[in-house]
Structures are given as C-alpha cells and as structure tokens.
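Protein chains in written order, with this note's numbering: chain A, 1 to 292; chain B, 1001 to 1183; chain C, 2001 to 2800.
Simulated from the structure, these hints should not be mistaken for lab results.
Note that CB positions come from ideal geometry on N, CA and C, so glycine has one too.
Warning: the hint list may mix true and false statements.
DSS-like cross-link-like pairs, simulated, lysine-lysine; straight-line CA separation at most 27 Å [as the list claims (entries may be wrong)]:
| hint | chain 1 | residue 1 | chain 2 | residue 2 |
| --- | --- | --- | --- | --- |
| 1 | C | K2669 | C | K2780 |
| 2 | A | K7 | C | K2059 |
| 3 | C | K2780 | C | K2438 |
| 4 | C | K2611 | C | K2559 |
| 5 | C | K2669 | C | K2790 |
| 6 | A | K7 | C | K2061 |
Which stretches of chain C does chain B cover? Using the computed rule of at least three CB atoms under 8 Å from a CB of chain B, they are [to be verified]:
| hint | segment |
| --- | --- |
| 7 | 2179-2193 |
| 8 | 2243-2252 |
| 9 | 2695-2703 |
| 10 | 2710-2724 |
These are the residues of each chain, in order.
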Amino acid sequence: MKPPNFKYYAARSVEQALGLLAEHGDGARVIAGGQSLVQDMNARRVAPRVLIDVNSIGELDFVRPEDGTFVIGALTRTATVERDGDVTGRLPVLAEAAARVGHVAVRNRGTVGGNVAHADPAGNLAPVALALDAVLVARGPDGGRDIAVADFFVGPHRTSLDPTELLTEVRLPAPPPGAGSTFLEISRRGRGWGLAGVAAVVALGDDGTVSEARLALSGVGPTAVRARDAEAAVRGERASEETWRAAAEAAAAALEDPPSDIHASADFRRHLAGVLVRRALGVAAARAEGRS
Amino acid sequence: MMQEDYLTVRLTVNGVAHRLGVEPRRLLVDALREDLGLTGTNVGCNQGVCGSCTVLVDGRSVRSCLMFAAQADGAEITTVEGLARDGEMHPLQAAFWEKGALQCGFCTPGFLMTGVELLRRNPEPGEGEIRDALAGNTCRCTGYEHIVEAVQQAARENSGEPIDTEGPPEVDIAAEVVRGEGS
Amino acid sequence: METQERRWVGKNLKRREDPALLTGKAQYTDDVSLPGMLHAAVLRSPHAHARIRSIDTSKAKELPGVYAVLTGEEATGYVGPVPCFAAEPVEERAIAVDKVRYAGEAVVAVAADSRYIAEDALELVEVEWEPLPPVGDMERAMEPDAPLVHENLDSNVVYDHTFVFGDVEGDFASADRVIRRRLRWPRATAAPMETSGAVCRYDAARGRMDVWSNTNMLNFVAWVISGTLQMPPHMVDFHPMYTGGSFGSKHVLGKQIAIAGALSKATGRPVKYMEDRADNLMANDSQAPDRIYDAELAVSEEGEFLSLRLHTIDDYGAYFMFAITGNTNMMAQITGPYTIPSCETGIKAVLTNKNQQTVFRGAGSDVGNWVIERLVDAASDELGIDGAELRRKNFIQPEQFPYKIPTGNVYDSGNYEAVLDLALEHADLDRWREEQAKARAEGRYIGMGLATAQQRSTYFSTEFWFHNPAPATGLTTSPESVRIGVGPTGGITVTMFSPFWGNSPETVVSQLVAEEFGVDPEEVSVAYDSTMHALPSAGPGGSRMTVMLSGAVRGAATKVRRKMVEISAHLLEANPDDLELRDGRVWVKGQPDEARSLSIADIGMKAYWHKLELPEGMEGGLEGSFTYDHPYASMPSDDRTDLGAFYPIMGHACHIPVVEVDIETGQVKFLEYVAVHDVGTVMNPRSLQGQIRGGIAQGIGIALYEEVRYGEDGQNLTASLDDYLVPGAPDVPNVEVHHHETPSPFTEYGVKGGGEGGRMVAPPAVTRAVEDALSPFGIKIDEMPMTMEKISTWVRGARG
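Just chain A, same shape as in the assembly (with noise of 0.2 Å):
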C-alpha cells in the first residue's frame, strides 16, 4: 500500500498556493496534515498529479478570539485547539471536538481546515461549525469570499468549495456568556471513529427556560446535520429530562438517511443521534445553570 507517483509543491504563501491550484486544475490537490489525504494515497483510492503542500503557510495558523467570534487559521492544528486556554475556557464544545479526532499523532498534523474541507460525514469539526453558524473563509484566484456554513457541507467529502479555491478561515461566533456547551460522540470502542456525535449549546434564561439551543450532528447522514427540529423542540420549553427527550425523538425522526455499514446500521445510528441529542443538552444545560 505505497502511494503512487506525483509532483510536489511546497507552498510559502496562500498567493503560491493559489497560483499552483490554478495552475495545475484538477490534477491537484492541497495536503496539510494529510492524515486523510495520504490515507487514500496509500490505498491508491485517489491518485492525485499534483501535490501543493501549505503546511509552510505560518500566516495561517492561529486562534484568535476577535470580538465574540473565534477565528482559527485552517492550518491550525487540532491538537493546539483542543488545549488552547481560550478555546477550552470559553469554547468548550470545540475542544471537546478537537480531543475526540482520531489519536494523538493525529491531532499533532491534523489541521482545522483539513478537517473542515476534508467533509467526511462522521467528521467532529462540521457539526460544530454547523452549531455556531460558522462563516468558512476561503481565497481563490478571483479574491475572498465568505460562506456561510448552512451552504458548505453539500455531500459525503465535498464541499461548495471551488478547485481553485483554499479555505483561509473558520470564523465561529462564540455562544452567548452563560451558555453551556458540549461535544458528545460514541465510539465502538473508547478511542476511534464516532458512529455519531453531537454538538450542544444550550442557553438558559432567568426563569430556567431555554432560551437558546444549538445542536448538529455527525455521522447520521451523507454530511453533519444542523437538528433544527430538535432546536425547536427545546426553545422556551423548560430545562428538564422530558424537554430533552422530545428534543431527541425530534432528532432522531428527522434524520433522512443515516448511513448503514459494518458499524452500524441506520437505524441504530438515527437511534444513537437520539441518545445523544438528550444527554448532551442534558450536559449543556448543566453547564449553563453552573455559569447563571
């Protein structure tokens, strides 16, 4: 399982990157961490011409708390944003979502970007992003454009980003002060592919109503899914086992197509998208009372 034959470019700024990707069409692709990429090279699932590495770009990789929305570099690597002190003290979902990617090593290339536009269904960063109406930024050849998360994730690893295009950003705005949020994800065995994870933020109002609740999922369908049902189902209601129950049935029923393979079946995965859509608003929500 050794990978086949390419040209390789190493990239020193985004404007190389871009004129590389331009340059070379369809033949090329963009390696950051490459934990998925060469995974596929390896296997010889995908062959391609032309390898433009950004793993150089430095201007790309930060954190950066901006006025009430978290802006991460994509090169970024997972592993810096599952123990950066602002993330993990007021983003917890994020973290928590970081920690949960593959292992170790892999967090260590891992980038937030990669893992972003890499879009694999079962993917941790997606339903976050989906949670907090993430904005992705992305440069190509014709200069940046803004796209709204609700507009990303259109299928099973693609995006509506174009060839020629590099994601720069991911923009998530921070939940309101007070809220509690969590990352849940259940996994055949303690470490290693989730069958399905959840995204939660909750916010409580004074009279311990929810006034505010995020949730997307991961792994139940061909890309995360914002379970806007499930938001529905909670909001105004009050913080309590049954709201969260309704909240899960309302999820779980939703869910169009759940995939089915050795792991799990769909209808166990729209099962579990159920079990975790109640405990994680159940965690959520703790953590938001713990705050107010």
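Following the hints, position chains B and C against chain A.
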C-alpha cells in the same frame, strides 16, 4: 511518463543531519527504514491506524506512514534508536523492561515515542490519561496493562518519587501461589 | 549427582529478549536487506469466485524497475502447490491458477526495485475475469446445488463425521433435563502487529535457496515447504527471524515463501515479499473457527452433568491446509473441567469463498470452552443453581488425576476447586451483588461473569490426523531440541532451533541452563540456528515451548553434566558418584576445599585444549544436544473411540469479570477482572502474567469487537484495522491475576504451558457478565461479538 522530480530533503534524525534524494511519494517511514537504515520503526499497517510507525517530528508524535519524507524537510526527527544515550536506556525504555511491557516488541518503538511525548507534555498523567494517550497505538500481545505501569513508573522517576527497585514487581509467590498437593 | 534447590525457575527475571527489542535492534523479516534485493507486490482478485480467462502482463513488464511479473500459470514453473496437511484433495497454489476462490486471492506477483514500483506495475496488469456465483453462507454451501469451491470435489462438505465416546444415548435417556442451545462463534483473525513475509535468495550456481521468513515451524515442516519451492530440503536454509507476534498465523507461510521464492528463481535476485495489512487481513490464511453449534447438555435435576452432545458446522473458507485441526483440538478438553462420562461430537467442515482458517490462539479449544460454559450457565439458570456451585459440584477432583476424559485424552493434574475458591475470594461477588441491586434501582446495569475452563498445552501430533479413519496414520513426533556447549573459558551457549515469536524462549532457556549448571542466567549465551544446522524442533504453538524447552534443556544438560563429571572424576581422581555440581563448580561431596574442586571453566579448558588429560577414548569438546519429544502421549485406537492422550498437560483457569452495560448505547465497560490461572510450576510469573493479560485482551476482542465480515458478493469488508477492530488501551481493564500451581507429573519441573489461556477463558466469562447485566430483560446470549448495536437492539426488543 512520470512527472515527478527527485527532491532533496534535509532531515536531522537522532541528532545527525542528512541529505536525502527521494521521490515525492516516498513515505517518511520508508526513508527512515530503508534510506537511513533505521529499522527500529516498524510498519504495522501502512494504513495510518496501528501506530507502530510512530516517530517524533519536531517533538510531536507523528504516524510516519502518513507523512511524505518531503514534508519533513528541515525537521528534527527522533526515532527509537535515538532514545538510548551512551549505551544507557532512556528511563521509559528501562521502565518498559522492568515492567515486562513488551512481548513481541513490534509495536514497542511506537509506544515509546508516544510515551516520551506524553510525559514531556504531562509529567504526572493519571491512568485514564495514559490509556487515552496510548489509544492510537495498537498492541496485540500485552493487553496494555504493563505498558501503562511502565509509563507510570517513568513518570514517578521523572518527578523524583521513589521507584521500584531493579526488576519487575515481585510477585509474592509464597502467599499467592497455592501449591497443589500434586500427584 | 544431586540437583539443587531451584534458584532460577520460578523467578521474575527481566526478559533478555527486551533490550534489543526496546532499542530497535531486533531484526524482523522486513528489516532484512540484501544486496540486489527486489521487492514484491501481489495483485489480488476483486472477485470472491471467478475463472481467470486471460492475464496480460505485457505493460507491467515494460515499466522501468520491474524485473519479473508472474501469473499463477507461470509460477508453476518455479514452485509447486503450497503445503497442505489434510488428506482431502484440496490443492492450493500461492498464485491462483485457472480460478480464484476468495476475494483477495493472489493472481499475479511482481518483483521490482521497490514496493512502490511493484504496486505501479500491478495497476498495469489486465485480467479478464469470468465471475462465478460465490458461496458465503456455510449452510447454503452444504446444499447439493451450491456452487462448488473446488470442482474436483463432489461437495463443499469436505469432512462429515460424528464421534461417539461412551454411552451417550443411555446417558441422555437417563437425564432429567436436556439443556439445549444453538450457539454461534464468529469468524475472527489473528492480526498480529507484524504481517507475514519472506525474503528468498535463490543461488542457481550452488543449487541453494536461503529463506528469511517469520515462519515458525522451521525445523519441523521446512522440508515440506522446500517441496513447494521444488528444492531438495537439505539445499534450503531457513533462517530463524524475530517475529512480531503470530498467535498461530505464522506456522507455515508456504504461500508467502513460494511467492518470494518463485520471483527469486525467475529473477536470479533476492526477493522480499512482505504482506501489507490489506494483504494480511484478506489473504493471510489466518482466519479462525466460524461455527454454528447445536449443543446439548444432559443433566440431573440436582445439577449433575451426565452427557454432552455437540454438532457443529464449521466454515473453513476456500482451502483446508490444516484439515480439521481446529475441531480435533477441541476434543482435548471438550468436557471441560467436569466429570462428564460421555460425549458425542459431530463435525461438518464446509468450504466457502473466503480466506481459509489456521489455528488461532486456542485453536478451537477456545470455542469448546465457550460452548460448554454457555451450556453450564444455561443449566444454572434453568435449574436455579448458583453457577459457581454447579461447577464445583461437577469438577474432577484432585485425587482423580491423571484423568481420562471420554475422548481418550488425559488430564495430567489439577485442583479446580482451589482455583475457583481463590478466584471467589478475590472477586467478592457478594459485594458486587449488592452493587448490582443498587445499580438496577438507579437504572444502571452491572453484571458478573464466571467461567472455569481448561487450557491444554503441548500437543501431540496425532491431533493432526486422527480424525481420519484407520488405517490412516501420520506423524507421531512433536519434537524440540537444544544444543548446549561449554567453551574453553567455561562460557555456556545454548542453541535453539525454533524462532522467537513474542514468547520468551531466550529468557526461559537461560533460566533453565542456569538452574542446571548453577550459573547466572545472564552469563548464558543464547543462540538460534538455521535449518541446515538444526535438530528437529516444532516451535511455538499449542503453548508448548516452556514444557518442551524444559525437557530439551534437561536432556542436553544431563549429557553435558555427565561428561563434566567424568572429566572431573578423572582429574580429581574421585568416584563420579561422590561428585556434585554446585554454584558453577564440581565439588567432592563433603569437601569444601576449593582446591579439590573444578570450575566449569577449568573443565571446559581441559575438554577443549588438553586431550591427553581427558579419560582415555573420550572425544574432546564439551557439548550435548537433545531432541525431546512429548513426555506423555499415546496412539488413537483404530476405531477412534479412544483418541489416545494427545494434549495431556492440562492447565486451568477461572475468570470473574464485572461489567457495566450502557443499555442505550450497548457499550460495555469493565469494573473489575479477576483471573486465576493454574499452569503448573510457573517459570517466570511476570512474563506469564503478560501472556495472560494479552490473551484476555484478545478474548475481550472476540467477545465485543472482532469479526471478519464478508459482503453478499464475497467482498472482504474488514481489510483494514479501522474495520477489523481489536481492543485499544482504553478498552482493556487492569486484570488482577493470581497464580495457583498444580505441577504436572509428566514434565520437567512440573511446568505446563500457559500462553493461550487468557484468550481461551475470557470469552465465556465476558459473555456471562454481559448476560448477567441484561438478565432483568430476560436476554440470553448465543453469539459474539456482543457489539453495541446487538446489545442495544436486544434491550429495545425485550422492552417492546
């Protein structure tokens, strides 16, 4: 037919600088094992799953079967061969030996590199943290328990706590082993 | 000469294999690099069952860096069929000829400058296929109109026989109750961290072949593999390699060696073929029992076990290299630790379009343990008798050993009650029952499992052929040899002829030699030797090495010590009967004066350089070798109602795991695990504990995670370690291991083998623990792995 060039890659491996000429597709694990003769790092799957190929690149643990040698240009790499110094084992290697933390040894270099990184970052890890950190390294022989004990031993040593005396933990045979009446 | 008190046997020595392994210095097969060596890759069939219409390798051959491309047909010019130990006419080629019989079977092999280029070449090979309907379900494969995996056979059922031992009918008739279960043991695979492979160097000028491979039975079946290589066996040298785990998957490796060998002959260069993980999971021939059991246990109302009836269908895959060894093995301990007077076992071996079986750690006796413990648990539930007490009631008692079980095998010694009591003492089930009740009130589900089961060791080779009716007979040797030499400065070297595969042979032999000669184990030099220089040795497998090395060292050491005494008697002018070897010197008994003693070095130097001072007629030098064979074995009867003693060195264990099951997700978490093992005299406790814990991890693996899966079309769905899931560090609990020693009366030092026991006893214990956790829902468990989805589905089904 082939569009690729040979690339010159500069790597420092276990403190020794090298210049290698490699195809872009040459995986770091193969450059280390075959081009530099450092066969201590093993290929368990070449699928990026088992962790046997783990090395340290600029101090971070990396699956060397998921990295092209070209991507390590300019990096400082540590393999298992770089752990012992002047004929003396690294404390983690010594702890593995004392605790019987290896049987076939094939996964062991990968575990050592992951363990070295863990202890640098977290000098006093709890058992759960150790197991979690080691989750990306697969062992088929030991059942992991002695490996966890070895990491704990090395952590204690680092922190200056008293450690076990030479040799694996003594099993109190007299008390534990109930000899049968025989036949 | 008297023996000493044990100084080294039983001690926790650090392993001498470890320093090289820890520092990356050990040489595994893939570390071999020879001048001019080429690398091989193999093109594998995408079809589970198909005829090969044509293969065009012309473009592949033209690729720069490619030296040879061989189809199966072309390979027949260099190598023959791979070794097969079955009597049934099932022929296998390393590279398929005419037809492929499982997805992943090799169809073309390439040798090139690098593995990278070899794989490039594979992409240029064009194969024209005629797909055939695959057969993957074993019951379907048995039907008369099923597609035939081998067209030279009448049926896919390659073995169908029922053995009856004792008065099964009568015993069932007298039973108050028959406990019945239909049980399903899943198809697993060994998946050691190192894959299988070989480097072959053919030397046409000398008519010689050298093989570096992680094959195990070097000095037992190398001559058969030489046959595959179409070389005279004494012209082939197999070099023992460090092996990164085997668990039974690397016994022969005729296929991997044949691929490398054929390419070496074709190119005139050394060729390395190492499986990658996809090769290994698809085509390593190390899949394992895949069985449906109809199982019955006849019991009295008081809980006495009266008879056992087991009928199984076993899916062997597309080839049959070890015949039904996985089923005959089980007959060594089919009635467990219990005094069951009769048993019947019906075995149907079926071929399907899958990769074939080997003997994976437990070799079928792991299945037997699970089957009988499931029946015992069912009996416990149906009769309302506590599981531990039911087992205790039926245990063979210490005074009954050596005990002959209905199949004819003998159990050498044991004390099963003592093991059970030690386990119960440490597990504190009363406290766990309280916890369990509390947890249930809170909607949490804790369960306790208990299994008492056998772990046979040290096979005798009749188990490979006694399933064939007389007059068929076969090998009756299962040897292990060592050579011990004392050099001119007294340095002792012990040479072994079987390789290291993750066990501790170097540590064991140095301990044994140290014990024999009164020296420090670290002073003993340990070596391995290749087949051209070797003595018969079957190698690790069936947990035999500690027993066999103990016997081999004792035999060789006895010869060397005798000569040392003769020389000493001559030099000291003493009577040989008055001499003793103690602390590395030969003394005259009762004379503590060192001047009247000789060191081993003194004796060695005399033997080496002072011929004229030796007794008249004595050869110079000081060495001895010994080929030990099975210490207690007997032939099967012609009518096969008595299979003879073929696995009498019988260990035993009791496991008590405690789990908590998340009934919503189906996840299983371990709260505690107590294991008590009795494998006779323990050679090195820490090393044994490592094997027990590792075996338990594999047992947990098959209980919860591991299964080889094939799709409807025969595609292998678990060809990656992301899909064939083995437990990781967060998944295996700390295991509290305790030792009990009931020495064997038949072996040196009373040792028994213990390498397989963890995997052999964990599955039924873990199954019962999960079943106990789910008992409020009335769920009975008949299958493994108990995946999250299954558990969650069972619970939701029970709740309606």
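Which numbered conditions among the earlier hints are violated in the structure presented, ordered from lowest to highest?
none
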